[in-house]
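Asks: Chain residues, written in single-letter form:
There are 2 protein chains.
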Amino acid sequence: MLDLKELESSASGTTFDLDSILEALKFNQDGLIPAVAQDIDTKEVLMLAWMDAKAIRSTLEEGQVCYYSRSRKTYWKKGEESGHKQKMVEMYIDCDGDSILLLVNQEGPACHTNRSGCFYLKTESDKVMISSDPIK
Amino acid sequence: MLDLKELESSASGTTFDLDSILEALKFNQDGLIPAVAQDIDTKEVLMLAWMDAKAIRSTLEEGQVCYYSRSRKTYWKKGEESGHKQKMVEMYIDCDGDSILLLVNQEGPACHTNRSGCFYLKTESDKVMISSDPIK
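First to last, the sequence lines map onto chains B and W. All the letters of the first sequence, read from the start, carry residue numbers 1 to 136 under our numbering. All the letters of the second sequence, read from the start, carry residue numbers 1 to 136 under our numbering.
Worth flagging that the hints you see were computed from the coordinates, not collected in a lab. Treat the hints loosely; a few may be bogus.
[Claimed, not checked] Straight-line distance between alpha carbons at most 27 Å, and here's what the computed DSS-like set of lysine-lysine pairs gives:
no. : chain 1 : residue 1 : chain 2 : residue 2
1   : W       : K43       : B       : K87
2   : W       : K136      : B       : K43
3   : B       : K85       : W       : K5
4   : B       : K5        : B       : K26
5   : B       : K73       : B       : K85
6   : W       : K77       : W       : K54
Chain B on its own, in the form it takes in the complex (with noise of 0.2 Å):
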């Protein structure tokens, strides 16, 4: 099997094959791996979630992210329900072959909240405020 640190001194533009890599990634016992997904325009990173296998080749297949629910026990095409769709535009895997980045369109807010992104909890070292409201 190839281990991802023979790539890492080869040069930009060197290509591999997709399933060899696919099987090189560190799923945890779930079999899931965490992808963030980073709007391609505004640049703000809108939500974590959790992808398998064939999430991920659906997701490079349709070009529409899936991600899987670890709640619902399912694949997860974002958007399917409430139409806030996100549509992949650029994949990428880390050095470690254990985490996935996802530059993406998104149709509307992508929390669930109405809030265009997730990460609306700000921490400092004594307190947490909320820091956006939900999209009208």
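Fit chain W to the known structure of chain B by using the hints.
Replies: Below, chain W without anything else, positioned relative to chain B:
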């Protein structure tokens, strides 16, 4: 115990006690939560690592990002050995209390390969391409 759902409808600017929020976080079975570091200037998503409650408090108190290394099973003040320190500027917790976003000032490359960030394996439907080179 506080349920973070109770905070969803709070207006921006509302504050809560740090301890009660930390108690409500959903750490995994190892007591860890994923933390995403984003460069506050370039907006690049640099890396994803893990924190426990003590690492969160250390980061908030010292302003120097402290992770918990799962491989070395110990605290890891980013840059302590490499010199490539991460200064925490802002910290956010997400709506579900199961992930953290750090906005940071990064000294030098964030990735151990000397690339600016760890997400350099650009993943497409049939191949993966190295998308950046180490900083000289």
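Asks: Which numbered conditions among the earlier hints are violated in the structure presented, ordered from lowest to highest?
Replies: none
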